[in-house]
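Asks: Read off the chains here:
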Amino acid sequence: GDSVTQMEGPVTLSEEAFLTINCTYTATGYPSLFWYVQYPGEGLQLLLKATKADDKGSNKGFEATYRKETTSFHLEKGSVQVSDSAVYFCALSLNTGGFKTIFGAGTRLFVKA
Amino acid sequence: EAEVAQSPRYKITEKSQAVAFWCDPISGHATLYWYRQILGQGPELLVQFQDESVVDDSQLPKDRFSAERLKGVDSTLKIQPAELGDSAMYLCASTPRERGREETQYFGPGTRLLVL
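Residue numbers (this note's numbering), protein chains in the order written: chain A, 1 to 113; chain H, 1 to 116.
Rather than coming from a laboratory, the hints here were simulated on the basis of the structure. Mixed in with the good hints there might be a few duds.
As the list claims (entries may be wrong) - When the alpha-carbon atoms are kept at most 25 Å apart in a straight line, the in silico DSS-like pairs for lysine-lysine are as follows:
no., chain 1, residue 1, chain 2, residue 2
1, A, K56, H, K71
2, A, K112, A, K100
3, H, K71, A, K100
4, H, K78, H, K62
5, H, K78, H, K15
6, A, K68, A, K112
7, H, K15, A, K100
8, A, K77, A, K49
9, A, K68, A, K52
Looking at chain A on its own, in the form it has when it is part of the complex:
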């Protein structure tokens, strides 16, 4: 079935370090791919998305490229800040007569000053 696998956390980094969170997917169709972020006590919010192969989504210094050949959508940021501490969810969306979104388990990021 359709699924999303992302690296387990927590990931702990120092401020200004480089961030990579790995995400791979399995899908029967041709999904759109998303990264959502969840800050403590809040719901999820969209961080970035890509709808077709080789598209790069970017926002707030984060970016991810849709790699169809490796079925991956890894999240990267060149220099993290303390305010980036949150849980990051990779997700795919498929149109099955209505859009259905499947989320990964989430990766918690801690950034130390």
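Please arrange chain H on chain A, whose structure you already have, making use of the hints.
Replies: Same frame as chain A, but now just chain H:
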């Protein structure tokens, strides 16, 4: 900026009691989703509405859970009777009608349920 509203934010109940959660999506959003998020996991779909119609409730435990969106606007999710394993965050999300944006989900803050 418009937001998805949910209430209550927190709910503590005893097992075998009934609980209800309310969600008001962003105005004009056609599709509404209820998810359950267990601590340390990603959201899992319980039910999906398109306007007032159920599109997908295949993962909704129908012996104890029910959901409705009578006028195609706000929605209620009910659990009766609640069990210890229902302790989780219940998230509501909605998506716009506009083509090209209908996959992007807008989430409410969630209702955290604790069943004792």
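Asks: Hint by hint, where does the structure go against what was stated? Just the numbers, ascending.
Replies: 1, 2, 6, 7
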